[in-house]
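Residue numbers (our numbering), protein chains in the order written: chain E, 3 to 255; chain X, -6 to 177.
One or more of the hints may lead you astray.
Subject to a maximum C-alpha distance of 25 Å in a straight line, what follows is the list of computed SDA-like cross-link-like pairs (lysine to any residue) [said to hold, decoys possible]:
1. X/LYS153 <-> E/GLU179
2. E/LYS219 <-> E/GLU179
3. E/LYS44 <-> X/GLU165
Where chain E lies over chain X, by a calculated footprint (3+ residues, C-beta under 8 Å) [said to hold, decoys possible]:
4. 4 to 11
5. 61 to 73
6. 128 to 141
7. 157 to 163
Honestly, the hints are just simulated from the structure, not real lab data. Glycine included, every Cβ here is placed at the ideal spot set by N, Cα and C.
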Amino acid sequence: MSNPFQIPEQEQHELDQLGAELRDAMPEVSLSEDFHEHLAAKIENSWSIRSAFQNNRMIRMAAGLLVMTLAAAPVAAWVGIWPQQKKNPPAIGFEIPEEVNVDESGGALGDSEDNQVTGPNDEFEAVEWSPQRRVALERYNRLVTAVASYELHGQDMELARFEGFSDQSAWASASEESLWLEFARRCAQADLSPLSAELVARCTLMLAAPLDRNASKQQRAAYAAWAWLLEGEQAKAADLQMNWPSAPFLTQN
Amino acid sequence: MSPSSDDLLTRFAAGDPAAFDELVASLGPRLKGYFLRQGAQSSTAEDLVQNVFVRLLQNASRYQASGRLDAFCLRIARNLWIDHRRRGGRVFSSEEAFDRADPRPGPVQEADSGDRAVHLRSALDHLDADTRELLELAVLQQLPYREVSVILEIPVGTVKSRVYYSLRKLREQLHNLGPQEDLS
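From just these sequences and the hints, can you work out the full model?
In structure tokens:
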């Protein structure tokens, strides 16, 4: 039984013969005399960036490096600028931020004699300032000043790693070194949160005793820093020309 | 086409410029015939053939030697021809194209002399473009069906059956064109 899809042998032979005839019927084709000349010119002009990329691995590698370098420059610049953009230095002012709670029911603070402080501008209505409020504002502004000073002269990341004490009662026995690191941490992290009563008490206690002549560098730094922050210009050891980080607030003592 | 075309390209890639000349001499006329039968003017056909060789050089590193460099070149040629058509390039009938390419006696004179070759060319010219292209690759260029299927992107079995029906169609066209000797 024959396969219906099978081409009959006789017809296949005829078609093969027809194909051969068709080939023979095609006129012979030859190239023109100037064909090679034009071809050579085209090949010479065919060099292109695309073909160079396709055929030369070194060019591909060089181009890759160039692209990576070009891409890295803006990224590096952005990465360098980014942290600075994030920082928004707090402003020194005459209003205590809401997050700084002032206990105005407390007793006298320091040697304040004048409980009636007016604003700097006569055009403003005179406002009564409690001693607690005034001291809190002064300390807040000094902390802002310290943060700004650290921005300009500090940037010692080792100091910024100090995390303070989660348990505020631990400040009661904190060393001068810890006090100094806490001060530096606040500056480095721009931490303007209220000073805890335990921390202020420990610093006050430290400042109550005269600085030992043989005190270490960090003891001196802690003494000077907290004296300036808590007492401001009244602190003899204060040095507004803060010299971060080697000897901040250090005086001749 | 001899399988040695691959060797010629390999020799050229290895730094033998004479091998490229041999390659051009071997493939050039065949490619020009392809373009003329597709309907390219003679000068256009040569221009396109030159472009095939330029492309061949640019892609030489990517060519996997398989013994069918002619199929590779015809694939390039087909793509170039498609691009040419898309750009609005002028297309002649293959008879016209050959007349312009070759100062041999014209088709009228040859037909008057009862030349069967003229009838065959005329019959081919009356077929549709797809059928002509299939016969061009499978019959005139004598590429294996497998290579034709790759170029035309159709299965090998389809190529085989289409070639059969295309040749039958050509034979019918030949009969329709006028009185002549029977094939059988």
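Could you check the structure against the hints above and give me the numbers of any it violates, in ascending order? Failing hints, ascending: 1, 3, 4, 5.
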